[in-house]
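If you follow the hints, you should be able to join the two separate chains into one complex; please do so.
Residue numbers (my numbering), protein chains in the order written: chain H, 1 to 323; chain B, 1001 to 1122.
It is worth saying that the hints were derived from the structure and are not from the lab.
Some hints could be false.
Distance ranges between label pairs, derived from CB positions [as the list claims (entries may be wrong)]:
1) B:Lys1111 <-> H:Phe139: 31 to 37 Å
2) B:Gly1100 <-> H:Gly71: 43 to 49 Å
3) B:Gly1115 <-> H:Ala141: 47 to 53 Å
Chain B is nowhere near these chain H residues, computed Cβ spacing over 12 Å in every case [claimed, not checked]:
4) Leu3
5) Asn7
6) Met46
7) Asn127
8) Asp161
9) Phe162
10) Val174
11) Ile194
12) Gln198
13) Lys227
14) Val242
15) Arg245
16) Lys260
17) Ala264
18) Phe309
19) Asn314
All C-beta atoms in this analysis are idealised placements derived from N, C-alpha and C, irrespective of residue type, glycine included.
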Amino acid sequence: MNLAEFNLNVRIYTPSNYKFITVKGKDSIDLLDRLTTNDLKSLKSMDHAYSLLVSPKGRMIEILSILNLEGQIILGCSADSLNKVLEWIDFYTFAEEVEITIDQKDYQSKIMIMGENSTSFINSIFNIDMSLSEGKSMFIALNKQPYGRIKLLVVNKNYFDFGHYEIYASMEDVEYVLKLFEKNSNNFKSVNYINDDQFNNYRIINNLPGYPTEINENYNPLEAGLKKYINFNKGCYVGQEVIARLDTYSKVKNQLVLIKSDIAIDSELINEDKQVGNITSFSSPDFYNGDYKLAYMRKNFIKDSESDFNFTNNTGNEIKVYI
Amino acid sequence: MMNQPSAQRDNSGALTIKITSDAVNHIRSFGKIEGKDKTNLRVAVKGGGCSGLTYVLELAKNPSDNEKVISENGMELYVDKKSYIFLAGTTLEYQGGLNGKGFVFHNPNAKTTCGCGTSFSV
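One chain only, chain B, in its complex shape (with noise of 0.2 Å):
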């Protein structure tokens, strides 16, 4: 059973990812890390992992061609069209503390998600 996220959701329906503030915190600071003061976010799904499909996070300056942009919370997300039909309504969080699970994908679309949580399938 997958946790309720601890962000609000958005029941406008309007079928967009949502990225929480805690989450952009989080990104943000990964970005210093690395050197990288101003950093965005690409959000995508890839083939593989137990129940098939595995998302991605990547930090990234700017979208590549036919990437989807979405801006939340003074970050912008990059999407591609194909990630983005199996990624619409997500809201992604992060969970912190010793019992958090770090960055998590609250996907509607997810019919059954793998034991560690980072596969889902459709």
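The shape of chain H in the complex, shown without the other chains (with noise of 0.2 Å):
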């Protein structure tokens, strides 16, 4: 596979298990400096970062979707890790003037655009220069027959490396958009709509955590190959601590790859006796038959390798490490 091929293609996706959260208030970004691991205190109007929630013990809670807008913070998780999140930061808010809603509607849903030609697409059914640099946001106004004009959020995430933005709005103006997509994308080839299913390959191809089978408490996000959403300068938040040791003195344990394996196989990996990984995302059948997978592999098992390497299952399957 030609995964640089692959990545051209416009892929949309409508998520159906994300929720947005607002935090209003003067202290909201002070606060979720001190509870996640990003510098949000640099994080300007309409700027976009992602940040994670981390425990004490430096271990995962979350990957949040965080844009600053006039006047009040756009927090994004999954829809499952949703009362945890509120949960946490409820526990660390004490005097802080902070007000926490879920229930506004004006963002309820997304559109995610990821591809290499994710720019050119939006360029091309907006009819304006998407210029948007990574972590930056604009408003788009469109007339919505026969509603009057309606206010999108378009946001550069850039999660994917290759080019990914996002369309944040109510459920209503989201469907309109789709459609608008659908009517106006014939003249764009390689456009494909994709399902919870498909995008969960799409990730995994890519070699991006999810939550909760990547994103969790057994893991940290240095293993996860989260590192640029840690500022190592900012100063301390939960769980600094313990993450700024493993990094410094290279302690990190496992390491998140892309692994390929023909046949179906455990999701523990065992070589000569011993564990080297466990398999925490398998691909649907319906691509390249399954074959691919996301695995925490040891790092001492992986050693310094710069290149892909092949190893044998106890099983006696050979399964490819992509590094």
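Written out as structure tokens, the structure reads:
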């Protein structure tokens, strides 16, 4: 499989399992900065960043999508982690002036537009020059017939390094935009609308962790390949000491990798009677026969491999590890 | 391992917050530096710090609404209710001298503290 070629296509996905939280109040940024790994105090208005909630032991609770809109912070997380995220923030909120709501109407759903050609796709649909740099957002006004104007929030999120935009809007406006896409994307070749399973395959093949399969309290962000969402200069946050120590002294035990195996294998990866890893996500059978998986593998097994390698599992099956 | 406080511990089992007379004297002297002759102390906890919860000390004249007031060694301590849950039983002392750490919390609720001792987890 040619991954670069695979990632050229535009893929459009509306997650069925995603929630937005609105945080208002003068202490919002300060509180979130103290609770998460990235430097949010530098987040300007209309800027976006990913930041991780981690436990005091440095284990992952969830990755938050954080957008600083004028006067409010929009947090995004999996619907499955919503209660945990809310409880986590509530536990650590004391005298701060912070108001959290989950029932706002403006941003209830999102459309993800992924792929190398996502920018030109958006430009062609909205007839604008979308020159948003990474982590920036903008509003687009549309004439929605016969209802009048609607306002969409477009964010360059770049969780997928090769191009990734998201549109935040109300449920009904998201439906309207999807119809608009379908109506106007005929001139644009290779546009795929994907469902939850297909999105799962997509992130697996791109070695991206998801909640709760890879992002959970069994692993830390360094193991999950999420180091770029940690700021090592920002000062204290929950879990900072452990994460800094793991990084400074190279104590990270596992590494999230893409693996390939032609036949079904157990989730425990064993080599010469030693467990060398755990499979955490399986691609669906209709996607390259389900050959691709994500696994946390022991760093001392991978060693300092700079290129892909094969090893034989305890069942005699050959497994390819992509580095 | 946390040091034992130099002040006598209250073994009565009462859940309160204690402050040693030495700590009170230092707070008074800090108050004078800031031009506040008669000052009291707000003791609180906030989210953050390596271990999750960070101690907060602040000079204060009066309590805010919903703050618990504890009188100890001639000083009033103001504690909000949520912070009190994490601070009940704590003794605040002052460790001076060249090797001293300044204000030190001896908090029986703290399971772990971070390396610098300013944050804790429960």
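Here is what the structure says about each hint:
1. Between lysine 1111 of chain B and phenylalanine 139 of chain H the C-beta distance comes to about 47 Å, which lies outside the given range of 31 to 37 Å.
2. Glycine 1100 of chain B and glycine 71 of chain H have their C-beta atoms about 44 Å apart, which keeps the hinted 43 to 49 Å range intact.
3. One distance hint, 47 to 53 Å for the beta-carbon pair glycine 1115 of chain B and alanine 141 of chain H, holds here, with the actual separation near 52 Å.
4. Here leucine 3 of chain H stays apart from chain B, with its beta-carbon at least about 38 Å from theirs, past the 12 Å limit.
5. Even its closest Cβ contact with chain B, about 38 Å, leaves asparagine 7 of chain H beyond 12 Å, as expected for a residue assigned away from the interface.
6. With a closest Cβ-Cβ approach of about 25 Å to chain B, methionine 46 of chain H is found to remain outside the 12 Å limit, as its non-interface label requires.
7. Against the 12 Å criterion, asparagine 127 of chain H stays outside the reach of chain B, whose nearest CB is about 45 Å from its own CB.
8. Chain B leaves aspartate 161 of chain H outside its interface by the beta-carbon criterion, the shortest separation being 30 Å against a cut-off of 12 Å.
9. Residue placement check: phenylalanine 162 of chain H keeps its beta carbon more than 12 Å from all beta carbons of chain B (closest about 35 Å).
10. The non-interface label for valine 174 of chain H is consistent with chain B: the shortest C-beta to C-beta separation is roughly 33 Å, beyond 12 Å.
11. Taking the minimum C-beta to C-beta distance to chain B, about 38 Å, the non-interface status of isoleucine 194 of chain H holds against the 12 Å cut.
12. The Cβ of glutamine 198 of chain H sits about 38 Å from the closest Cβ of chain B, beyond the 12 Å cut-off, so the non-interface label holds.
13. For lysine 227 of chain H, the condition that its CB be more than 12 Å from all CB atoms of chain B holds, with the nearest at approximately 18 Å.
14. A beta-carbon of chain B is positioned within 12 Å of the beta-carbon of valine 242 of chain H; the least distance is around 7 Å.
15. The claim that arginine 245 of chain H is not at the interface with chain B is violated, since a C-beta of that chain comes within 12 Å of its own (minimum 9 Å).
16. Against chain B, the non-interface label of lysine 260 of chain H holds: every CB pair exceeds 12 Å, the least being about 39 Å.
17. Interface exclusion of alanine 264 of chain H from chain B stands, the closest Cβ pair being 41 Å apart, more than 12 Å.
18. For phenylalanine 309 of chain H, the requirement that its beta carbon stay farther than 12 Å from each beta carbon of chain B is met, with the minimum near 37 Å.
19. At roughly 38 Å, the least C-beta separation between asparagine 314 of chain H and chain B is larger than 12 Å, which holds for a residue marked as non-interface.
Hints 1, 14, 15 from the earlier list are contradicted by this structure; the remaining hints agree with it.
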